[in-house]
Amino acid sequence: MHTLEPILAEHPFLKGLKQEHLALLVGCASNVRFEAGAFVFRQGQEANHFYILRDGKVAVELFAPQKGAVAIDTYGEGDVLGWSWLIPPYHWRFDARAIEPTRAISLDARCMRTKCEDDHELGYELMKRFARIIEQRLDATRWQLLDVYGVRS
Amino acid sequence: MNGLAQSPMLPDLYTVQQVRRETDDTFTLELGLAAGRQPFRFLAGQFNMLYVRGIGEVPISISGDPGSPETLVHTTRAVGAVTRAMRTMKVGDMLGVRGPFGVGWPVEQAVGHDVLVVAGGIGLAPLRPTVYQLLANRDRYGKIVILYGTRTPADILFRKEVEAWRARLDIEVYVTVDRATEGWHGNIGVVTKLIPRAPFDRTRTVAMICGPEIMMRFTALELEKRGVDTDHIYLSMERNMKCGIGLCGHCQCGATFICKDGPVFRYDAIQGLLSQREI
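Note that the protein sequences, when read in sequence, are chains Z and Y. So the first sequence is numbered by my numbering: it starts at 214 and just counts up by one. So the second sequence is numbered by my numbering: it starts at 2 and just counts up by one.
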């Protein structure tokens, strides 16, 4: 029987994870697909999943009154989408919308949190990997705010 | 020097043949050679000192094709007195030119390698001659990947050319913007985000980076993280160039003169300077 394990094992985010931990993750994983224009999640909703993107493209958006939806970042193949599932109160802070047909592996957040509590080694390993992602996104955001390509005089 | 000027400090006069508005604040000047004058030969990555009579002189990279030395092309942004005056120039106006100066991109050393070109904002202009050379000798290189980050979709430099490069099947081109506007369906985010999954072989890649220093610093770090050796990473510095020949000392950083020893440097040779704040 085919499982998602080989796909998860090859994904950059999970590469090098112990076999037994991968097997635990597979128990929380399922294949999902989003058509272009479909919301992956909406701001304020409970963060019950996170996504390992296999292909396609997703824009993270912030809705601003009188401006509408403002896209602030895009993610695609090899990226991880969503870390609000890891930090209470587990609510999405942004909208995420597929801007191309997108395939992903969805990880059930409740299942993941339970497994991380049961196996702290898995929890710590995942926490380290997510911390790196959060750090990269913070760096990128600061850099974007600096407006480095702007006009100097 | 290119042959005709008696001294590297004496500008030759050129006539503006074409002015092209690239974006809101960037423009391209095409300068023609007078009859009987030798073609203006230069290396990709070199720059000229451009002189506007009565106002002053600025260092500007050459953005044209080294394979077409009969036309001299510069692309720049209007940010100071000289470049603002240049933006108002019309066909037939005269401009002083000294150059070409400095060290170019390692186009020859990259033969047989994958080539990664990473440009930020106006940094695409000094890299454009390299892209022309790479494409003109396509079979001499492995994969060619261009990553271009800019402020907004409206700030994409050489838009038609970038689109033409993207349409080619023998190179990979990825563009990202810091801020999207309506109708933009491409990537959003900083240019370093494109590096982890860019399709090049880290063991045989030569990377050439040009843009704001902060962008080059983060890009070099990301390339190191990806496994590219520091001696295969090159970047172009732009600080304080004044005379172009290492005489005046304005661009001196320790024993290094940006204008004479650069502007293109190997990353491991310039790494320390990137953390020098007040030079």
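Each hint should be verified, as a subset may be incorrect.
Which stretches of chain Y does chain Z cover? Using the computed rule of at least three CB atoms under 8 Å from a CB of chain Z, they are [what the hints assert, rightly or not]: (1) 99 to 111; (2) 179 to 192; (3) 211 to 219; (4) 226 to 236.
So these bits of chain Z aren't anywhere near chain Y, every CB distance computed over 12 Å [what the hints assert, rightly or not]: (5) A251; (6) Q256; (7) V273; (8) D286; (9) T287; (10) I312; (11) A322; (12) L335; (13) T354; (14) L359; (15) V361.
Listed next, with one range per pair, are the computed distances between beta-carbon atoms [said to hold, decoys possible]: (16) Z/G281 - Y/P200: 28 to 38 Å; (17) Z/R355 - Y/L248: 36 to 46 Å; (18) Z/G291 - Y/L136: 22 to 32 Å; (19) Y/M95 - Z/G291: 25 to 35 Å.
Bear in mind the hints are in silico, worked out from the structure with no lab data behind them. Note that beta-carbon positions come from the ideal geometry of N, C-alpha and C, so glycine has one too.
Here's how the hints hold up against the structure:
For the segment 99 to 111 of chain Y, the proposed coverage by chain Z is not satisfied: 0 residues have a C-beta within less than 8 Å of a C-beta in that chain, short of the threshold of three. For the segment 179 to 192 of chain Y, the stated coverage by chain Z is satisfied: 10 residues place a CB nearer than 8 Å to a CB of that chain, which reaches the threshold of 3. Evaluation of the coverage hint for the segment 211 to 219 of chain Y: fulfilled, as 5 residues show C-beta separations to chain Z shorter than 8 Å, against a requirement of three. Given as covered by chain Z, the segment 226 to 236 of chain Y fails the check, having 0 residues with a CB less than 8 Å from a CB of that chain where 3 are the minimum.
For Z/A251, the shortest C-beta to C-beta distance to chain Y comes to about 15 Å, beyond the 12 Å cut-off, and the non-interface label holds. Its beta-carbon lying about 17 Å from the closest one in chain Y, Z/Q256 satisfies the requirement of being farther than 12 Å from that chain. Not every CB of chain Y lies more than 12 Å from the CB of Z/V273, the least distance being 8 Å, so the non-interface label is violated. Non-interface status of Z/D286 relative to chain Y is broken: a Cβ of that chain comes within 12 Å, the nearest being about 5 Å off.
Not every CB of chain Y is more than 12 Å from the CB of Z/T287 (nearest about 5 Å), against its label as outside the interface. With a least beta-carbon separation of about 6 Å from chain Y, Z/I312 fails to lie farther than 12 Å from that chain, contradicting its non-interface assignment. Consistency note on Z/A322: stated as away from chain Y, and its beta-carbon is indeed over 12 Å from all of that chain's, at 24 Å minimum. The non-interface label for Z/L335 is consistent with chain Y: the shortest C-beta to C-beta separation is roughly 24 Å, beyond 12 Å.
Some Cβ of chain Y comes within 12 Å of the Cβ of Z/T354; the nearest lies about 9 Å off, and the non-interface call is violated. Listed as a non-interface residue, Z/L359 fails to keep its Cβ farther than 12 Å from every Cβ of chain Y; the least gap is roughly 7 Å. Chain Y draws Z/V361 into its interface by the beta-carbon criterion, the shortest separation being 4 Å against a cut-off of 12 Å. Distance hint check: the CB atoms of Z/G281 and Y/P200 are about 35 Å apart, consistent with the given range 28 to 38 Å.
Between Z/R355 and Y/L248 the beta carbons are some 39 Å apart, a value that agrees with the proposed interval 36 to 46 Å. For the hinted restraint 22 to 32 Å between Z/G291 and Y/L136, the CB-CB distance of approximately 28 Å keeps it satisfied. The supplied range of 25 to 35 Å is broken by Y/M95 and Z/G291, whose beta-carbon atoms lie about 53 Å from each other.
The structure shown violates the earlier hints numbered 1, 4, 7, 8, 9, 10, 13, 14, 15 and 19.
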